[in-house]
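A.B. asks: Each chain, written out:
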Amino acid sequence: MTALLTLDNVSRRFGGLNAVDSVSFSVEKGEIVGLIGPNGAGKTTLINLVTGVHPATSGRVRFEENDITRARPYQIARRGLARTFQIVQPFPKMTVIDNVAAGALFCGHAGSVREAQNIAREHLAFTGLADMAERPAASLTLARRKRLELAKSLAMRPRLLMLDEVNAGLNQTEVEDALAIIRRIAEQGVTIIVIEHLMKVVLSISHRLVVLHHGQLIAQGAPREVVNDPRVIEAYLGAKYAGKREALH
Amino acid sequence: MRAWAILIAVVALLALLPLAGNNYALRLATTVCMYAVMAQSWNFIGGLAGYPSFATAAFFGLGAYASAILQGQGAPMLLSWAFGGLAAMAFAALIGGAILHLRGHYFAIASLIVAEMLRELINGLPDLTGGGKGMNLPILRISVASEAQFFFYAMLVLAFVCAATAIVVHGSKLGFGLRCIQQNEDAANILGVNAYAYKTAAFSLSAVFVGVAGAIYASWVKYIEPPDVFDILLAVKPMVMVLLGGLGTIFGPALGAVILLAFEELVWRNFLTIHAAALGVIIVILVLFLPNGLLSTVRGWLPAKASSP
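Those protein sequence lines, which keep their order, are chains A and B.
Numbering follows numbering that gives the first Met the number 0, in which position 74 of the first sequence is assigned residue number 73; successive positions increment by one, without gaps.
Numbering follows numbering that gives the first Met the number 0, in which position 249 of the second sequence is assigned residue number 248; successive positions increment by one, without gaps.
Just chain B, same shape as in the assembly (with noise of 0.2 Å):
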């Protein structure tokens, strides 16, 4: 009850942010939004689950290309960002039977490579998507203005859904079972959850919005190409942010994206040819300080309280 109250006051306050009518801010926010809703899905699998995925980046430019391909078909735009995301999902659920058997580093080992093989695949297509030359996509004739809107709210949506998403899944049996999966998988499969479904239904969950935030992405750009979209960045990205929010918990990977993107613009701005390293830095600095993640550290300052739910 809690949290939907905190998700619901959160967007709420965000959806005012156009009032400003500050494009920058505009722009920053739609790109948290989309960062929230990268890290939220790998929260899924990563998090709950506990299998380290980097196939983020896959999803992210399936869901891309394959709004942008049905786009140059001539469809709506909203019909196509879903099929972005259906693309990304059934995806993740075939390519999860082929990876999910594997633990630890097999399994991380194996899901990067799944976004270097889908850029070779999109590469050796040059009829169906530009190949190399990347693919441009319909312009929309509305106002800057009301186009940086547009796209923000498109965003802050999709972060309501995939955070309401999360909620949902962390007070069932879904995210039980995933939980128990992460702390003893052996034992799991003994007390009779079926791990294999469990983990690709957190699999698919984990594309689904990534392959949406993709496909309006590439609209808000208006172009992408391979090494763009299935950036490696993109995949290791949600990762920091999870685990700089917190680990499994519901609204730490939104907070880790704000963190993390508020540091990226500083750096970025003062130190232009150090930001790569800085990031670097931030990583070190968690796995050393902050293992748990910032929500359970601060928790753990704060006075014990009695069993919250």
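For reference, chain A alone in the conformation it holds in the complex (with noise of 0.2 Å):
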């Protein structure tokens, strides 16, 4: 297996607040990776930091061959790295198509804003918006504006795909159709890095966990045996609660 993303002690400081703490972690092609930690962890930074909104203070972030610390937001969409936002972020007065045909165009895969729309289409029916593709971004729903930044992000045809929570907020069935998309996305040979809250939607999804907590990588590995290393119980519910369970055991 080769890495597709690799962090290299990578850290951010804001001010005096180290959001991100000398992490290193990589990615494999074709996987599905949880990142997950409690509030103000630090995950949000970290997805900052690899698209370039806020440079790594430190550090080095390589994706597949490249260095890409220093590069710019732009420079590294156009490399094939994705992101949806945790606070959605459409083009509101725009229609919903013209969104998505951003994605398209300005990734290099399309030639004209004919073409871009065109490829729009297949990603609208993908995601089950084909019937709003005329319709203002600002009019959709919180699940299909979710819905429309999968769909934006699929646009750019990225190889890594990072999805900062896009289920939260969501009721119960629109997490089952978001799942079933992401999981069909993945078996298109997709990258993904998953941010979830959701304890029961990440290790249904992910093939493997990366927690972090205070902006520090405290554990990584299988999802089952994350959940049960004391140090990520610790992180969650507590020194006392993790104990109790430590003694159990």
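Be aware that a few hints might be false.
As the list claims (entries may be wrong) - Short derived list, chain B residues pointing at chain A, Cβ under 10 Å:
(1) Val10
(2) Asn135
(3) Pro137
(4) Lys172
(5) Gly174
(6) Gly176
(7) Ala186
(8) Ala187
(9) Ile189
(10) Asn193
(11) Ala261
(12) Glu264
Don't read these hints as lab results, they were simulated from the structure.
If you're wondering where the values come from, they're calculated on a predicted model, not measured in any experiment.
Even glycine gets a Cβ: it sits at the ideal position worked out from N, Cα and C.
Each of the two chains sits in its own frame; use the hints to bring them together as a complex.
C.D. replies: Below is the structure:
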């Protein structure tokens, strides 16, 4: 197996705060990696760091053979690294189809606006938004806006897709639908990093988990092992509870 | 396709105007064309990219002075006009690098300073620019009537080229990217839009035709001075025109230019002392009642049509 994304000792400081602190891990081609951790652990900062929104203050980020630590967000996007935002970021007044076409147009796969719109139509069908194509993005419900984010990233033809809480705020059925879509994306050979708070979702979908706490990587490995790791339980539930579980075993 | 048909029809119709033989109408039409160019140009950066630029006056004055200085050295007039446009464009690309990372009000303030800076520079170089005394331009040795026609056609051609560029940009990848930037710049970046390059392109486009307009204006009035060609109203009026006609639309800016100038002419002729206040009242009414401009408001009244391209 070859590493698609490698983080080597990366840190990101905001003033005196180490939002991400000497984190190293790699993601193999074809994997679905779950990135978890309590609120404020630095998960979104880590995504921002990889996508160049807030570049690392130290350490190196490699995507395939290239060092992308200092690359600009648009350059990273064109290399095949796509993301969705925790707080959805549509172009509100543009139509749903044009939102998706933007992804196809600017990541270099579509030669013209018209071609991009044709590509966008396929992705709208895939994410179940085909009926909404001509409506302004702002008129969609939250669940559909989350799917629009997905369709936009897919139109970029990513090799690595980072999903920042695509299921937050969705109800049970909507989560099931979203998971089915994510599985189908993975089947197409796209490597995926999922940030997720719903533990059931992460466990059912991830091949491997990476756990952050206070900006540091505290555990990684197979999902079942990681969730039984005392350090992980301590991070989520406190030392007292972790100790109790230790005693039981 | 429909946009091209409208453009060609309007320009062809306007080209017949000199047949009417009225120099007052011709002078007014020349001014309309000039302001249409300025409004159309502002629309690239202000309407499409959503960056409220006050630099239009700077580009106008720079084009006027660049062309006047070159003609003072004996260069032919048409060549000097082109030089005025290129000088404004190069200046915009340069200054864009310094101020286009600012957003919203901060960008507006920075762009406002640009014209003041140029005005001081020109005041400070009297050997080259005549300083505060201004500059005279060569007089054309043709009759008054044919001169009026000549400058009318010059501005009309410029307005045509500028509107044609707008049509091309609106349908292109550049226009699409600028709309993305206007809607959500961070999301645009993440989707692979090189926002910095796109904004610089829009800013340069907003300068080049204004520079040529300034150069033609200088040759037309034959005498320029800093307070005239760097007038802040030259930056404000194009904005009002675009807001009046329709932000980010193809023909909104030109329509706004016609309406505002017609209104100005009426108010100015009838209420000389309060015409500045009247302009203020228009701006207030605009913001209150037509936030999306006349074109989209009228479109809203019409029965909903299947989405037109």
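A.B. asks: Could you run down the list of hints and mark each one as holding or not?
C.D. replies: Hint check results:
1. Proximity of B:Val10 to chain A is violated relative to the hint, the smallest CB-CB distance being about 26 Å (cut-off 10 Å).
2. Evaluation of the B:Asn135 hint against chain A yields a violated restraint, the C-beta minimum of about 48 Å exceeding 10 Å.
3. The interface hint given for B:Pro137 is violated, since its Cβ lies 46 Å from the closest Cβ of chain A, which is over the 10 Å cut-off.
4. Given hint, B:Lys172 at the interface with chain A, holds; its Cβ is 6 Å from that chain's nearest Cβ, closer than 10 Å.
5. The interface hint given for B:Gly174 is met, as the beta carbon of that residue sits about 8 Å from the closest beta carbon of chain A, less than 10 Å.
6. Satisfaction of the interface hint for B:Gly176 is found here, the shortest Cβ-Cβ separation to chain A being roughly 7 Å, below the 10 Å cut-off.
7. Interface restraint check: B:Ala186 against chain A, minimum CB-CB distance 4 Å, threshold 10 Å, status holds.
8. The closest approach between the C-beta of B:Ala187 and any C-beta of chain A is roughly 7 Å, which is under the 10 Å cut-off, so the hint is satisfied.
9. A distance limit of 10 Å between C-beta atoms decides the matter here; for B:Ile189 the minimum to chain A is near 6 Å, and the interface restraint holds.
10. A least Cβ separation of about 5 Å between B:Asn193 and chain A falls short of the 10 Å threshold, and the interface hint therefore holds.
11. Against a cut-off of 10 Å between C-beta atoms, the interface hint on B:Ala261 is violated, since the closest Cβ of chain A lies about 30 Å away.
12. With a least beta-carbon distance of about 35 Å to chain A, the hint placing B:Glu264 at the interface is violated under the 10 Å criterion.
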